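Asker: Residues per chain are reported as follows:
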Amino acid sequence: MSVSPKEYKKMEEKAAPKTKSLRNLSGAFFIGGAFCLLGQALLELYKNLGMGSPSASLLTSVSLIALSAVLTGIGVYDKIAKFGGGGTLVPITGFANAVVSPAMEYKSEGFVLGLGVKIFTVAGPVIVYGTLASVVYGAIYYIMNKI
Amino acid sequence: MILDSPVSVFSSAAVGGKKEGEGPLGADFDFINEDSRFGEKTWEKAESKMQELAAKAALKKCGLSMTDMDFIFAGDLLNQCIASAFSARGSKVPYIGLYGACSTFAEALGLSAIFAEGIAQNCLAVASSHFCSAERQYRFPLEYGGQRPPSSQWTATASGAAVVSKNERPPFIKAVCFGTVEDLGINDQNNMGAAMAPSASATLSTFFKDTYTDPSDYDLIVTGDLGAVGAELLKELMEKEGFDLGENYNDCGLMLFEREKQQVESGASGCGCSAAVISGHIIPKLRCGELKNVLAISTGALMSPTSVLQGETIPGVAHLICFSSEKGGIF
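Protein chains in written order, with my numbering: chain A, -7 to 139; chain B, -6 to 324.
Keep in mind the hints are simulated off the structure, nothing from the lab.
Among the hints, a few may not be true.
[Said to hold, decoys possible] Derived Cβ-Cβ restraints for the label pairs, each shown as a range:
| id | chain 1 | residue 1 | chain 2 | residue 2 | range |
| --- | --- | --- | --- | --- | --- |
| 1 | B | 83 | A | 49 | 39 to 49 Å |
| 2 | A | 138 | B | 178 | 44 to 54 Å |
| 3 | B | -5 | A | 1 | 16 to 26 Å |
| 4 | A | 106 | B | 233 | 45 to 55 Å |
[Claimed, not checked] In the SDA-like style, the derived pairs of lysine to any residue whose C-alpha atoms are separated by at most 25 Å in a straight line are:
| id | chain 1 | residue 1 | chain 2 | residue 2 |
| --- | --- | --- | --- | --- |
| 5 | B | 254 | A | 20 |
| 6 | A | 6 | B | 233 |
| 7 | A | 74 | B | 27 |
| 8 | A | 99 | B | 297 |
| 9 | A | 1 | B | 107 |
| 10 | A | 6 | B | 242 |
| 11 | A | 74 | B | 84 |
| 12 | A | 110 | B | 296 |
| 13 | A | -2 | B | 295 |
| 14 | A | 1 | B | 305 |
| 15 | A | 110 | B | 125 |
| 16 | B | 228 | A | -3 |
| 17 | A | 10 | B | 182 |
| 18 | B | 54 | B | 107 |
| 19 | A | 10 | B | 54 |
| 20 | A | 110 | B | 128 |
| 21 | A | 71 | B | 256 |
| 22 | A | 110 | B | 25 |
Here the structure is a predicted model, which means the values were calculated and not measured.
Note that CB positions come from ideal geometry on N, CA and C, so glycine has one too.
Next up, chain A with everything else stripped away, as it sits in the complex:
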């Protein structure tokens, strides 16, 4: 081969199309914003129905998770995500999608060794490092309060 890996890397960078950042960012902005707007609307609705602030917040999260799970189940969420990108990934709805989609996918290998084992294949790292980060944060918070 007359081309070195280094030269080839340059050729590859030139040939590979660039990600359409402007389009992706605006998609994420609007879809992400829409989810937040919906969340806020639900929160206000629950408050108006006479709920206290903590319960209303909790119910808002639960509603969004349920909505995302249903949208994933009927095969719509991935289509929104194709347009929304990070806007569908970051909110709580993205997390629900990351749990529900493997659950659906691996059901064919059985409820225990398929669904049960694989359900956290996508969301697993978020749970592990989220928990770890909260422990570290808790420790720092504790020490700061002692000083």
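Knowing the structure of chain A, use the given hints to seat chain B on it.
Answerer: Quick look at chain B alone, frame taken from chain A:
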């Protein structure tokens, strides 16, 4: 490897999913399944079923039955090649399972040709890939929401089968060139075209040098699934080797779908891509004489999900089949 007595591609058939049926080559498929499940419960079974359907259709076209086959050469992308093995389960024909990633169909055809030139009368070459079974093995669950980078490719839901025999029906396989494993350091699994282009370039230039031919001797040179990025890189690499691929070059990954409209980014990929395009589109054109001399090079990216996570680069391999509508000539 030039065959002393070229063997015939007696018949061939292609089977595809809904998206493939909607593409520019939709009419070339022998069978299109509307929901891509092929009446099966799992995607893996659906892929096996596709192979069975493709093999049956190919056999029917030449009036032979499975028991007339001396060997089956088959492969797919699934772990342990289950789609091929399971579809050969009821055949009672000696089965040789192959793995060459997306280069599998050319690998199967090449071996079939060599066997049919020698000890065998009829060989069956089959390969398949299924978008849904590949996606769950290599990437994310189907319903997981995410965006694909523009250099990524769409695994074709398709299967192709060909009966290779000792007889006089065109087209003929005149030569076979099995490729070397090449790696120029690409480690992005969303850019497999770039990872495979060096192997296609190596196989093609070896073939041209060995046979004293050049791209202008062929009316079509077609690679398996390099996609838009890989095809561009192959042209550049070949220029550096001193060969201009010219207007007669195309890529099965670019032929199978309308890239913009069907949203497949850089093009199609998977064993089924080159298997279906070669079986359903190119071989019939050679048979009727619309094409005379064709080089088909299936390209495979030889990574696994494990090797990618361990930070390995992606090696590629490319196998070449030289088809001709006439038994004599070219070399």
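Asker: Next, verify each hint and record whether it holds.
Answerer: Results of checking the hints against the structure:
no.: 1; hint: B:83 with A:49: 39 to 49 Å; result: violated (59 Å)
no.: 2; hint: A:138 with B:178: 44 to 54 Å; result: holds (52 Å)
no.: 3; hint: B:-5 with A:1: 16 to 26 Å; result: violated (36 Å)
no.: 4; hint: A:106 with B:233: 45 to 55 Å; result: holds (49 Å)
no.: 5; hint: B:254 with A:20; result: holds (22 Å)
no.: 6; hint: A:6 with B:233; result: holds (16 Å)
no.: 7; hint: A:74 with B:27; result: holds (23 Å)
no.: 8; hint: A:99 with B:297; result: holds (23 Å)
no.: 9; hint: A:1 with B:107; result: violated (37 Å)
no.: 10; hint: A:6 with B:242; result: holds (21 Å)
no.: 11; hint: A:74 with B:84; result: violated (42 Å)
no.: 12; hint: A:110 with B:296; result: holds (22 Å)
no.: 13; hint: A:-2 with B:295; result: holds (21 Å)
no.: 14; hint: A:1 with B:305; result: holds (15 Å)
no.: 15; hint: A:110 with B:125; result: holds (17 Å)
no.: 16; hint: B:228 with A:-3; result: holds (17 Å)
no.: 17; hint: A:10 with B:182; result: holds (16 Å)
no.: 18; hint: B:54 with B:107; result: holds (22 Å)
no.: 19; hint: A:10 with B:54; result: violated (45 Å)
no.: 20; hint: A:110 with B:128; result: holds (15 Å)
no.: 21; hint: A:71 with B:256; result: holds (12 Å)
no.: 22; hint: A:110 with B:25; result: violated (32 Å)
Hint compliance for this structure: hints 1, 3, 9, 11, 19, 22 are not met, and every other hint is.
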